[in-house]
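Going down the list, the protein sequences come from chains A and B. In this text, residue positions in the first sequence follow the working numbering: the first is 1, and each later residue adds one. In this text, residue positions in the second sequence follow the working numbering: the first is 1001, and each later residue adds one.
Since the hints were made in silico from the structure, they are not lab data. A couple of the hints might just be wrong.
Cβ-Cβ distance ranges computed for the label pairs, FRET-style [unchecked claim]: (1) D484(A) / Q1117(B): 54 to 64 angstroms; (2) T1169(B) / A510(A): 28 to 38 angstroms; (3) A510(A) / V1116(B): 55 to 65 angstroms.
In this text the structure is predicted, and so the values were computed from the model without any measurement. Don't be surprised by glycine CBs; every beta carbon is placed ideally from N, CA and C.
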Amino acid sequence: MDNHKSQKSFVADGNHCSCDCSSLHTILAKYDNDSSRLMDILIAVQEKAGCIQEKAVKEIAKALNLSKVDVEQTLSFYHFFSDGAKADYAVYLNDSVVAEMMGREDIAKTFEEEVGVTFGKISEDGKIGLFNTSCIGMNDQEPAAIINQRVFTKLTPEKVRKIVIEMKNGKSIDDIVGSNVENNIKKQGPILTKDIEVGEGLKKAVEMKPETLIEEVRQSNLRGRGGAGFPTAMKWKFCREAAGDKHFVMCNADEGEPGTFKDRVILTERPEMVFEGMAIAGYAIGAEEGILYLRYEYKYMQSFLENVLQEMRSKKLLGENIFGKFNFDIRIQFGGGAYVCGEESALIESAEGKRGEPRDRPPFPVVKGYMQQPTSVNNVETLSAVVKIINKGAKWYRSLGTIDSTGTKLMSISGDCEKPGVYEMEWGFTVNDILQMVGAKDVQAVQIGGPSGNCVNPAQFNRKVAYEDLSTGGAIIIIGKERDLLKDVVLNFTNFFIEESCGSCVPCRAMTVQYRNRLEKILRGNGVAKDIEAMLEWEKVMKTNRCGLGHSAANPILTTIQNFRELYDAKLQKDTDYVSEFNLEAAVQESCKAAGRQPNLGGE
Amino acid sequence: MSKPVVATTSLAGCFGCHMSLLDIDERILDLIELVEFNKSPIDDIKTFTKECDIGIIEGGCCNSENVHVLKEFRKHCKTLVVIGECGRTGGLPAMRNNNASITECLEEAYLNCVSVQANDEKIIPNDDELPMILDRVYPCNEVVKIDYFLPGCAPRADLIWNALVALVTGDEMNLPYEVVKYD
């Protein structure tokens, strides 16, 4: 993973940030020196000491019986971990497309002026560090930043000045005014509506045999809400039937697709429903352990969610002998800042304490998942829907939506519109329906399904949003007419994929950079028709990548070539099939200066 | 009918691609029946004496001389074929591109390296006759338009041969697996 967004590229300063031995051993003991809990250990050390220095790495490796590089490769993968310099306050400012639309540039400038360093650096007194980060799930309230796990939204230059003064004064992060996350539920549908008691779905579920329960879910035609749309019942059936010592349920709350924030809202508003859904899944597949994999950006929710879990345990909805039928409990696993961990096999690797690199498949996680045991990885929204399906029946659920896309979808809507937020809608609506609902006028383009999805033009606004037409995990970004689509959106998305590639497959690691170079050449006015042809041709190579990230990393460019060809064509040089950007004078300048000679360009 | 005229050059390369070109064994006799060579290290003609049909380029551009020669080839050859990784991507010489500035490279090579001896005046070569070093190593297609690329380090003799024959005869190029594999 490209690390230029993290603190790692800076030289460690002195000794003041090492985690002292006794607290390190307390942390290691808390996790039983278990190497599969390396993520938790690193997070705890990072929190305690502000960084994870070489000394700590050695100690951790020794205690976990790992080699030093085993620890280092996990540490270096996630961008919220720092192996060197530490700042008392680490400011991570979102640099996603919508953040830019909402005025990020001014915010970044104000931070730099007030702190006195540029982004990517730490102030000389070690107090404040400024870093960029990919989408933090706050698109409906940008510009936003994470500072020591607290989220500051709707930032203005004035707010930033106040925050910086308070940080300089050493105020505790919890006392700094302005940390606030809004839920912005703009339309509540059958899943979000609180019309059943906590535990009712689970109670009904355990009255059925697991096979009957899976059949009920199959009848509902529920498909995975993370984006891929795999039938949930089929996943559970495969997982239940797979042989293993243990089975696991994992809830994917990594939500890294820029523009998506509905899982944050579900987990804030209806956390019991998500955990209840996990328990139902556990009963269905025969698992006693569930893991909620939560992105590090949502660390601020930790104590809230732990309390909810505790309350559910005290109500005997989790723990041993639930309704006299089965045992099931849940732990929360945090990530460390990596988009690719939203891919289920990468998520499993990460939960096992490793780099979040997708696995080769088959075997699929339902056969060999977490700890090589059968594992069902389901999205937050999918598990929530299960609770309602079991409670109200498959027939009821099937009556919502379309034949191929039953039920509802939570849409995270942001960008150039009056009412950004979360909307729960019956499948089958069109892009136009969305635009009308959210108050979007003069729309140039709509990005459906985040950067990995499809950028559609006005002629396509009558298309249906559903698995059978425009499929989406729920991110809708509206792009107004005044935006420079290629520069403001497509280039930003392409940089995002370069940043977030795990680096394992060559086309994903290298071709994404080639794509960016070609796009920038076109933006400089030096593109030719052949550049477009080349980028289309490379799609075949991108399909050889191992995971969905790699398959879709060129989609921002490919879908806009398809749907906004005229924007590219307008920038191309006509009447030539080759333009060189090579400039001899510029290229020899530095070496001539170093050697102390005058450049002799000789009419070249 | 006169024979097609071929020119070749090695820019920032190791001459390995030219060695591979010579590795066509006895077919070299067919080759001289098939084509006529102009500017090339093979016949030691230093400057173009006529317009050529095919220019074969090995190596990328690391200095102003490479750029000059490459532009001459573009000017005098109808079709340019880059052979090998250095011409195609910058190759091994391009390792300097990402890790150090050209100033650091020159200082390391001429001033600081442990093997530097007898440079008491601390001179980085600066004679006007010397080519000027570029800030980074450029693949040929960033400097001029290239018509065809033959990959490999070096490309196999058979690949070069097949490509050349296809270009001269106009027949479709023969590309069996054995010819384009790299191990």
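Here is how each hint holds up against the structure:
The hint said 54 to 64 angstroms for the Cβ distance between D484(A) and Q1117(B), and at roughly 56 angstroms that hint holds. Checked against the hint of 28 to 38 angstroms, the C-beta distance between T1169(B) and A510(A) comes to roughly 35 angstroms, which is consistent with it. At about 35 angstroms, the beta-carbon gap between A510(A) and V1116(B) misses the expected band of 55 to 65 angstroms.
Hint compliance for this structure: hint 3 alone is broken.
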